[in-house]
Every structure is written in structure tokens, then in C-alpha cells.
Amino acid sequence: MDSAPHRPDGALDLLSLGALVTRFDPGVVPFRKADHCDIHVSGGEFNVAATSRTAFGMRTGIASAMVDYRSGSLVAERVRSMGVVPFYRRFPHDGVTGPNIATVYSDRGHGVRAPVVFYNRANEAAARLRVGDFDWGAILARGPLPQRRGSSRRLSDTTPSSSSMACAPPGRPERSSRSTVNSGRSSGRRRRRRTGRERPRADRET
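In terms of my numbering, the sequence shown is numbered consecutively and its last residue is 206.
Possibly wrong hints are sitting among the right ones.
Okay, the calculated beta carbon distance ranges per label pair [said to hold, decoys possible]: (1) Val-28 with Thr-97: 27 to 35 Å; (2) Val-29 with Ala-141: 45 to 53 Å; (3) Ala-55 with Glu-77: 16 to 24 Å; (4) Pro-92 with Asn-120: 16 to 24 Å.
Quick caveat, the hints were computed from the structure, so don't treat them as lab data.
The C-beta atom is built at its ideal place from N, Cα and C for all residues, glycine as well.
Generate coordinates for the entire structure from the input sequences, incorporating the hints supplied.
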């Protein structure tokens, strides 16, 4: 487990739990015509922690999977540079198939051309997270319960229970945490509650 030095009181203002990803960004050039890309480190949960740190000066952390290979080193460096405290469950890479840090490919669109976003989450390390991978009692001893924002809880059969354990570690009463899952089914229910009918939803390539 990696972590930056804590404040004297050991407190975090916000803790995120979820997958870290690399995003390949060719800018306004369509991906099918791109010959180079910028690389960003992203993830729905990490974005909240990083923005809260840089915009509001909050003390934030990220609990996630990390892979011991070159892409993992790149991700870890960007997390450190954003001032976010990392708590990692580390996985070795087998040199061929993984496990891997997920990759997102997203151009920015231009004019009437919409952005194109697609993913490679094959054999993703974060999908292997399970109960017992994090010492939540120590991590949350003087900090907040984690916010879980995005699709990480749906990566595999083990990630929902791992996420739930963060909200009710042994010896600590369960409390509510911020948890939103990008789900067409749940967003459809919200639309029906607001309007009484379901509006058409644009298909997204994910």
C-alpha cells in the first residue's frame, strides 16, 4: 500500500474508491485519422479527488488497483503530481495479458461532429478488487467514507462487495456515502420519476 505523508491529524477531507484509467486524446482529429495522442490519467472517481484537491485545496485520497508495469508507473506519477494520497492494491503484470490499467480513447469532436469515446477494459486490474484488499479500518480511522462515482462497482462480480466494505468496515457502523453508478436502467428510472414518461436516450459507445 502506497500513501503520501498524512497531516498531523491523519485526516482526509475526501476519499474516492474506483478505477484509474489512461485516456488517449488526439484532440479534434478523429481517431481514425490520428497519428499522435496526448495521454491523460482519468477515472470518474479520481477526477473528483483530483479536482477537489486542486480547485478547493481539500486533502483527498484515492483507493484503487495499481499494476507494476510502465503504464502503472505513469499513472502513479500523475496521481502524485495532483497531490492526491494513493492507497493501492498492487498487482504484478505477467508481461503479456495483464492485468492492465484500462485505456479510454476519446477525441474531442469538432463543430457538428460529436466526440467519439470507446474503451479497452480487457483484464482490468480494478475488476479484480475484492473484499480484504484494503485495510479500511486504518484508512478510514480519521477520514471520511469514500465517494464511489462512476462505473467501477460494475466491473466484475467482486467489485460491488469490495465497495460496500469500504462503507462498513469491521468495527465501524455503516454510514451512507456518495455512490452513483452510470447505469442506463437507473437513469431511466430517474427520468420517469421527473417527467412521468421515459425520454429517448442517445446511445453511447462505452
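Could one say that the CB atoms of Val-29 and Ala-141 fall in the range 45 to 53 Å?
48 Å, holds
Please check whether Ala-55 and Glu-77 have a Cβ separation lying inside 16 to 24 Å.
This hint holds: roughly 21 Å between Cβ atoms.
CB-CB spacing for Asn-120 and Pro-92 relative to the 16 to 24 Å hint
About 20 Å separates the Cβ atoms of Pro-92 and Asn-120, which means 16 to 24 Å holds.
Thr-97 and Val-28 - C-beta distance against the hinted 27 to 35 Å:
34 Å, holds
Every hint from the earlier list agrees with this structure, and none is contradicted.
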